[in-house]
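Q: Each protein sequence line maps, in turn, to chains A and B.
With our numbering, the residue at position 26 of the first sequence is 26, and numbering never jumps.
Converting from the second sequence to our numbering requires adding 1000 to each position, the first position being numbered 1.
No wet-lab data here; the hints were simulated from the structure.
Mixed in with the good hints, there may be bad ones.
Here are the simulated lysine-lysine pairs, DSSO-like style, with alpha carbons at most 27 Å apart [unchecked claim]:
(1) A:K76 / A:K43
(2) A:K43 / B:K1044
(3) A:K76 / B:K1106
Beyond 10 Å from chain B on every Cβ pair, some chain A residues (computed) [said to hold, decoys possible]:
(4) S21
(5) F27
(6) L45
(7) S50
(8) A75
(9) N77
(10) A88
(11) A106
(12) Q111
The beta-carbon is built from N, C-alpha and C at its ideal position, and this holds for glycine as well.
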Amino acid sequence: EVQLVESGGGLVKPGGSLRLSCAASGFMFSGYSMNWVRQAPGKGLEWVSSIGSSGGHIYYADSVKGRFTISRDNAKNSLYLQMNSLRAEDTAVYYCTREGIFGVVADYWGQGTLVTVSS
Amino acid sequence: QSALTQPRSVSGSPGQSVTISCTGTSSDVGGYNYVSWYQQHPGKAPKLMIYDVSKRPSGVPDRFSGSKSGNTASVTISGLQAEDEADYYCCSYAGSYTFVFGTGTKVTVL
Chain A
1 EVQLVESGGG LVKPGGSLRL SCAASGFMFS GYSMNWVRQA PGKGLEWVSS IGSSGGHIYY
61 ADSVKGRFTI SRDNAKNSLY LQMNSLRAED TAVYYCTREG IFGVVADYWG QGTLVTVSS
Chain B
1001 QSALTQPRSV SGSPGQSVTI SCTGTSSDVG GYNYVSWYQQ HPGKAPKLMI YDVSKRPSGV
1061 PDRFSGSKSG NTASVTISGL QAEDEADYYC CSYAGSYTFV FGTGTKVTVL
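Next up, chain B with everything else stripped away, as it sits in the complex (with noise of 0.2 Å):
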């Protein structure tokens, strides 16, 4: 049950985009299509903003997208709003009923 690897942080400008990474294996990331991303804002519990890869709970933006590639998950924040400055954690069907979280990212809007 090792953390999957995302980048510690990523910028952008206002209006710019900006793609996260999560690598998993093939027992995580790479042999389900449930992987799912959270924004969580300081002090605040996480929320959910992408789901089984690529799909988008009501009420989140479309500029939430989601993709996968093998062992590799990606969130694209595209139009960059200073809202969207939080830290974002992946999170994986492992099987069995496990899941585990990726390392987190904090996204910083310039």
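The shape of chain A in the complex, shown without the other chains (with noise of 0.2 Å):
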């Protein structure tokens, strides 16, 4: 069975960091791409931030570019986001996602984590 499961989240006051941390079991980690995706509270989806499979191909929406970063240990079976310069906006559940066609954002989600940017 697929499972991912975020942590990592919690209060931060604006220009903070957080590391998310999400942790991947039953499939082949190694060999899917991996999405972060978020949502504000009663708003809607927002893709973040996406990795291929040996960790290249990274890209960032422009909301979070130059402030949070991507990356993966396939070693650990883990998907990372390091979160800096955080501002109020970026209050949000935090979702992991498998990319397991291409194409699509998320096939498998895990169950969020969320972020809280406030002084």
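Join the two chains into one complex using the hints; note that each chain is given alone, in its own frame.
A: Following this line, the structure appears as structure tokens:
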């Protein structure tokens, strides 16, 4: 069974940093591209970043470019999102997703982790 | 990377059909046959319902169908059931390994 479990969310002050993690199991993690998708409270879904199966092909939404860094450790079956210079508008539930089919941002989703940016 | 446009809400009685549209541009919806649809119940993670415009993952009822014409994709729910009440989001591949979501549509079963 495919499982994606996010962690690392919490309350952080504007300008602060946070590192999210996603532990994957139930599939060959190293064979899939992965994504981060976020959802602000009461709002819609927003694609944040993607990373290829071997760690290349890294892309970001304009809203986070230069502040967020996606990475992965295939030996640990883990996906990461380093978030710096956080702003109030980054407040959201962050989902880790598996891109199991090319062109499909997510065939599996984690349960999400809440990041709140507030003073 | 502007969000795709969806109607804010649609509604229908049990057994009826509803259709949700998703309008983008030639750089996303119109440029690729990589449109997917997600269902999200309150407090839950989204679930993939349609991919590659019209394909259904295993386990998704055939009441859900997808199509595309030009820069607009659509999903139709036939034989509406109470459990279909949820938020629905379209998503399109936008080239260079990037994606764009729709604004979301709330489906209400009357």
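Q: Go through the numbered hints given earlier and state which of them the structure violates, listing their numbers in rising order.
A: Hints 1, 3, 6, 7, 11 and 12 are the ones this structure does not satisfy, whereas the remaining hints hold.
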